[in-house]
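A.B. asks: For reference, the chains in residue letters:
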Amino acid sequence: MFRGLLKLAPVQGGVHPSANKARSSALHVSAAPIPPKLFLPLLQHAGAAAIPIVKVGERVLKGQLIALAPSELSAPVHASSSGTVVAITDVCAAHPSGFNAPAIVIETDGQDQWLPKAEASDAFQEDAMVLANRVAEAGIVGMGGAIFPAAVKLKQGAKHEIKTLLVNGSECEPYLSCDDRLMREKAEDIIEGARLIRHILKAFRVVIAIEDNKHEAIAAMKAAAEAYGMVEVEVVPTRYPMGSAKQLIQEITGREVPAGARSTSVGVLVHNVGTVYAIFQALTQGRPLISRIVTVAGGCVSRPKNIEALVGTPIEELFKACGGLTEEPARLLLGGPMMGIALTSTAVPIIKGATGVLALSKSEVQQDQASPCIRCASCVDVCPMGLMPLDMAALIKAENAEAAVDYGLADCILCGSCSYVCPSHLPLVQYFRYAKDKQAEKREAAKKLDLTVTMSLAKQKRLEQEKARKTAEKAAKRASKKRRPSRRRGSESAVLQEAPQEQKTAQETTQTAVEHKEQELIS
Amino acid sequence: MSQANCSSQLLDKHCGPYAHSGSSVRKHMWQVCLALTPCTLFSLYLFGWPAIFLFFCTCLSALLFEALCLYMRKDPLVRVMDGSALLCAWILALTLPPWAPWWLGVGGAFFAIVVGKQLYGGLGQNIFNPAMLARTALLITFPMQMTTWVEPTPIVLSSSPDFFSALLISFSSATNIDAYSGATALGSLKTALSMGQNVEQGLAELYQPLYAFIGWSSGSMGESSELLILLGAVYLLWQRIISWEIPVAMLLGLFVFTQLSHILDGEHYAAASFHLFSGGVVLAAFFIATDPVSSPSSSLGRIVFGLGCALLIFIIRNWGSFPEAVAFAVLIMNAFNPLIERYLRPRIYGRLANKEALPNLASFELAQKLKRPKS
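As they're listed, the protein sequences go chains A and B.
So for the first sequence, our numbering puts the first residue at 760; every next one is plus one.
So for the second sequence, our numbering puts the first residue at 20; every next one is plus one.
The set of hints was computed from the structure by calculation and includes no laboratory data.
On a predicted model such as this, the values are computed, not experimentally measured, just so you know.
Treat the hints loosely; a few may be bogus.
If you want a taste of the chain A side facing chain B, the calculated C-beta under 10 Å gives, among others [unchecked claim]:
1) 994
2) 1119
3) 1130
4) 1144
Backbone N, C-alpha and C fix where the C-beta goes; we use that ideal spot for every residue, glycine too.
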């Protein structure tokens, strides 16, 4: 009954920022020259950081595994060109605060020598889990910006029934055109990749969703998809944030992802086109994720274009490849202007999830002073999640994050539509990020406390039991004068039973923590 | 974490989005002022120099009070030019009798800006619409001056007071303005009904729908020309400064209530067209009730707000002791606003209206749930 009702609900909210895509999307993707040094951060994805397995001074080949994924929720790192490992040290990372993060630095030798590749078999004949593991080994993460390990998503096909594989080619962020270009140039490969993923997930159909402002990409993808049944190209309206998984699912299937649940719960799995292409390359050519298409754009870039950049290339090299910068950029961004992060230096390397590098000029960056909220409710009108950002912000400002949660803070996807339209120029997204971080901290603390409490309770119980056992022993000794058999064995087994249970609670807590993180990252 | 530390962390903008639609509070306010210009100019033409004096007195004094308050609150003085004080005074001036003495405008501006807005904490903090608060305060304290209306005497006519006699009217209140005075349609209907006449008799001489629509009727400046107000309203709707919900709910609601009662008892209840085109209903529907600060922010809330205004106008006009009901209706609904905001929030994506997560109905899980026990 609910499904029937919800199907009628149209996608709400959204904004129409000016696209600014024409300049970069007109040119073919060009290859970036191999930089003299590659900086490969160990944490380029959601989850745990990779562990380096190479030594300083060691020669590595292109595609060679140089850092292992320590857990399921992680991704390995491969050398993106041949050369020598010169350092494993902290480098400037892709973070607004200019944080440093550990990375493997490779001095390239210019030979670009590949690691000998194994013969690739017909992937369609392989078992789903084998293929998913191969994707994990290739270090593939979500390339639309969420940078969630792709294999984890693929393995969900075994746990849930996936009806629809949704390939996200909507690319709603202004300036960015890397997915657009990719779809135009590699349409067949993407379709092949999508079919492979469908094979892994045992999904029913594949839908490729493209925003209606990308005519050529739509045409190319339609032509490539024609030959296959149940592979459809759907045109969705151009509206930010159409690229968000939840909005796209609603647009395509008419269903809403329940709060706190993943898209698999409505039988849909979403993958970005870039990810699909990377998966295709990994499964048919055995090529790990060592390069990606990056849009280099913004008013300060002389010749904006899309570049196939090696992961680890400093962004200044990309600017060089685009004819340099015409002026000092007012804002340097990794990603789009809506959800991207500001960079403090051009030394930051390209990571697997980098969709674009923008050097925005002064006229492109609005830096008005914030004025008081006039409750115009523009933010309410555009919120794609049906929230009331103005009230949430007011509550957070009053340090009342609990009440903000009641207003739906947890449902906020931080898309920035509210900040985009706010006439008072309030940094709304910043408030929400801040409050979400605070909430997460609080949750962590509460979890730790919980764990401590359960542990100490268990200890107390154990001590009591020991005490009881000792008294029982004494009683038994006393009694042994009369009778031989003791009850010692019985009480011992009770103690033994206690231990695994204790362990289990600890395990459960960590698992829920991981799951929680996963959810946040997906959204 | 201390309060100061937190707010500095919050206000120092270090995260996106880095794109902006280009809207601003100033643009917002000035666009509303622009939308008000046609009907204001026509009204100034219609009521001549005294109206012009009153209008400028109100607006200028409001800007002065605003600057004073900002100075005392240590806010940047540039904010005087954000247009909010001007707009507030502008709307107040439009609801005053056009030939009211200067001190009525200045007093109103003081009440609107200082009491109605800044004492609450400045822009965006007030619960009530400041202009309506000021108008109501004036109506209660100076009922005589607030209900002395004049016939339209366009500035080009010789019967219209010239610049100097207008100065006398506005600034010394010395001249007897009875010669020009006339009653508003709503007022005369109220009087007629109270004397036992029926609606038709009450409206026979005074009310002509077409004249009222174009604006040739006595009343405050803002209630004169519905046509030009609608013109400005179309501009506001087109520019998305206001949303359709409040005006439509308010006008449609009033239409339904009045027309129904007229059909049921035509002797005592005037038709919908009369109620819609006399008094400040149209102005209020598009420019006053839609005041962002004191109106609801959700779509459903706005509809409820508009309907509430309509119902209150209908009740007060028909059974209340004041002929003009708009200001009261808007103020009363303003008081209900926090309640509406609390209970009529939009439905959150992925949640039911009661904020519980949507039921998980993936076919796989559903199939497992519905699996029939083998018998």
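A.B. asks: With reference to the structure, classify each hint as holding or not holding.
C.D. replies: Do the hints match the structure? See the list:
no. : hint : result
1   : 994  : violated (22 Å)
2   : 1119 : holds (7 Å)
3   : 1130 : holds (5 Å)
4   : 1144 : holds (4 Å)
In summary, the one numbered hint that this structure violates is 1.
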